[in-house]
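Student: Each chain is listed here by its residues.
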Amino acid sequence: MRKNHLLLAIVPIFASLAACSATVNTTTPAGTAASPGGKDAASAPGKSRLDTVISRGKLTCGVSGDLPGFSFVDQTGKYSGLDVDFCRALAAALFNDPEKVEYRNLTSKERFEVLKAGDVDLLSRNSTWTTGRDTGLGLEFVATMFYDGQGMMVNKTAGITKLEDLAGKSVCVETGTTTELNLADQMRKLNIDYKPLVFENGDATYAAYAQGRCEGVTSDRSQLAGRRTTLPKPEDHQVLEVVMSKEPLAPVVVNNDSRWADVVKWTVFTLTNADELGITAANVDEKLKSTDPVIKRFLGVEGTLGKDMGLPNDFTVKIIKAVGNYGEVYERNVGTGSKINLPRGINKLWNDGGLMYSPPFR
Amino acid sequence: MSTTKVPTKVPLWRDDRFWKITFQILAIITVLVIADFFLFNLRLNMAKRGSLFGFDFLGSQASFDIGEYLIPFQSQDAYGRAFLVGVLNSLKVMIIGVILTTILGVSVGIARFSNNWLVQKTVSTYVDLFRNTPILLQLLFWYFAVFSNLPKIENQIAVLGSFYISNRGLALPWLGDSPTAWSSLLGLIALAIAAFFVWQQRIKIMVEQGASGQNLLLVLLGMGVVALILFIFGLQWTFPVFTAGNKLNGGLSLSAEYCSLLLGLVFYTGAFVSEIVRAGIQSVAKGQWEAAKALGLNSGILMRLVIFPQALRVMIPPLTSEYLNLCKNSSLAIAIAYPDVYAVSSTILNQTGRAIEIVLMIMATYLLINLIIALAMNFLNSSVQIKER
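Here the protein sequences come in this chain order: A and B.
If you count by the numbering used here, then the first sequence holds residues 244 to 605, one letter each, in order.
If you count by the numbering used here, then the second sequence holds residues 19 to 407, one letter each, in order.
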């Protein structure tokens with residue numbers, strides 16, 4: 244009996260000793276994996292997420308998984324969409340293989356926490372770029388992939404043709420999004436008395452709308468167009484013309500990791516610039532033989548733009564071969580090549596009346 | 019010749035008391051060290067990510083609307099007020115839920131012992147079905163399969179001209195909101211309490227003095243008439259009236275979200291409560307039943323005065339757990355768009371990003387509510403125990 248007492252006494256002593264020393268050590272391994280974008284990466288040439296991803300050999304992409312046109316997984320487990328194509332472009336730039344991506348479905352509530360914890364390398368999840376998120380949450384929005392706006396989809400059979408018709412009616416909305424705020428602001432501005440129904444996940448929101456529990460559902464116009472195709476009777480529903488807010492959708496990374504943020508940012512600009520220069524997946528091999536110095540620099544035939552970033556010098560060629568240019572990506576996922584059929588609108592190039600503008604590759 | 023020996027002092031390492039105290043101290047130190055480790059880790063990581071711990075965000079403007087509220091709320095009000103609205107919505111579900119669950123559970127539990135084959139089979143099917151399916155599925159069933167399929171507001175069903183059912187929810191007549199109505203309500207409650215004491219007194223004098231009890235019966239009848247008058251006229255009932263555009267004026271409107279949450283929780287927890295009631299009744303010795311029947315008591319008095327009070331002693335501790343389960347399960351409201359405290363806090367969390375503070379607030383709220391319920395039930399428990407000499 245007494246022998247056991249002595250042995251038992253040793254256990255808590257060692258536990259406390261281990262805990263004291265572990266306090267300092269345990270946070271750091273978790274720290275380096277989780278936030279290479281932590282404060283240490285900026286001050287010293289420490290480990291960037293770029294190095295972690297390259298050594299891992301695979302990209303981990305946070306997507307939505309339930310939004311047709313942006314990131315959607317079908318019953319065979321295949322991912323498709325604009326955000327998914329962006330991840331594939333990034334994987335092509337890093338590993339010359341667009342399939343070296345692991346997708347993680349994230350709800351709108353958990354997406355930023357999961358990114359901050361380091362469980363995904365970036366978010367390509369139709370996330371709106373706002374001041375609050377960029378500054379207050381420790382995140383970095385790299386460059387706009389898609390200029391969207393918040394809209395309202397209504398049930399035509401309920402006789403609703405404009406926002407004011409929603410007075411006294413219910414509007415379904417998903418929690419955790421800027422949508423709730425914008426809806427409240429708009430309705431307050433127009434002095435419309437409505438009732439919000441806030442659901443936790445997107446499927447429940449649209450299920451309630453489809454069943455007629457609420458007369459309107461609000462979200463980004465691209466999301467509404469995508470979801471409309473999955474409703475039982477799409478012709479009964481109409482996305483109103485009104486645009487209630489600006490929703491620039493951009494990929495997100497963690498703060499203080501410029502090397503990784505640069506790689507993600509210039510992948511976005513590669514797609515836009517290729518569109519501007521008229522380089523497609525089909526003609527990129529031909530364009531490699533071009534004598535135009537702008538194209539030669541862009542495709543890595545001349546200069547060291549890729550190498551300076553930590554990527555292979557012809558990373559733009561790899562991206563274009565994998566997914567095409569921005570126009571091709573757009574049309575394939577949300578444009579004329581898809582069921583959603585959303586016109587490019589302000590997502591056209593700057594010299595065509597839209598907002599997509601890439602800084603020069605020089 | 020003394021044979022008593024002077025007791026030698028026991029060395030410290032063989033002294034039982036020393037070891038008992040030492041281990042308790044070591045256990046406390048271990049717990050404190052582990053807790054400190056986690057808190058230190060938390061502070062370190064929060065500082066690394068640039069988040070600060072503090073509750074000052076509760077004063078900022080909420081900028082979102084809430085679907086239903088017991089106290090007035092607008093999007094310009096603060097986050098703190100939004101949280102309070104959520105707490106009140108949760109309490110609305112919890113309190114009514116506990117009352118209805120008790121009624122349903124006790125009735126079903128007692129009905130299990132009925133001699134009617136149909137009643138017994140219905141009850142056992144109900145219990146088996148509702149106990150063995152997950153609560154979330156039941157809530158989704160009530161909301162999407164039952165309430166969403168009710169007729170739309172334009173074609174709503176009107177029962178007795180005053181109760182309206184539609185896919186938006188129920189509309190019932192309700193008390194007015196004037197001083198007369200409130201004072202009538204208080205008067206009714208006071209009358210009920212007074213009537214209870216008069217009744218007790220009447221039984222007492224009939225038993226002890228053999229009096230006829232006629233006078234007190236007349237008093238009670240008089241109180242009944244006054245109560246009836248107060249009920250009909252004093253409470254100033256308002257009836258739901260639908261204006262153009264299907265806006266509701268007057269009456270009480272219970273949204274479909276509230277109703278499905280309430281019904282889902284009540285039916286689910288009621289199945290568990292009925293089994294607890296059945297266990298309690300079965301725990302009463304068979305001799306009690308036989309003795310009561312031998313005395314000629316009919317089944318109503320038998321259950322009410324002999325069996326149930328004895329069953330209550332066994333039932334109350336598990337019943338407390340079921341009430342606490344009901345309160346915690348009410349946090350599933352977010353799946354069906356009812357703005358309870360968890361749903362509202364979820365929105366606040368998304369807008370402000372202050373995960374740790376808000377989770378602490380939610381946990382503290384549920385903990386407080388549950389501790390109060392547990393306290394009340396423990397008090398009830400000690401009051402029904404057999405007082406032994």
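Just so you know, not all the hints are guaranteed correct.
The calculated lysine-lysine pairs, modelled on DSS-like cross-linking and capped at a C-alpha distance of 27 Å, are [unchecked claim]:
hint	chain 1	residue 1	chain 2	residue 2
1	B	Lys346	A	Lys438
2	B	Lys38	A	Lys352
3	A	Lys550	A	Lys582
4	A	Lys405	A	Lys489
5	B	Lys66	A	Lys290
6	A	Lys352	A	Lys539
7	A	Lys508	B	Lys66
Since the hints were derived computationally from the structure, they do not count as laboratory data.
Computed from a predicted structure; not experimentally measured.
Student: Each hint needs a verdict: does it hold in this structure or not?
Tutor: Hints versus structure:
Distance hint between Lys346/B and Lys438/A is fulfilled; the C-alpha atoms sit about 26 Å from each other, no more than 27 Å. For the suggested pair Lys38/B and Lys352/A, the alpha carbons sit about 49 Å apart, so the restraint of at most 27 Å is broken. Proximity of Lys550/A to Lys582/A is assessed by CA-CA distance (about 39 Å); at most 27 Å being required, the pair is judged violated. This hinted pair checks out: Lys405/A and Lys489/A have alpha carbons roughly 19 Å apart, not beyond 27 Å.
At most 27 Å may separate the alpha-carbon atoms for a hinted pair to count; Lys66/B and Lys290/A meet this at roughly 16 Å. Only pairs whose Cα atoms come within 27 Å are accepted, and Lys352/A paired with Lys539/A is rejected, the gap being roughly 44 Å. A C-alpha spacing of about 24 Å is found between Lys508/A and Lys66/B, which places the hinted pair at or below 27 Å, so the restraint holds.
Violated hints, listed in ascending order, are 2, 3 and 6; each of the other numbered hints is respected by the structure.
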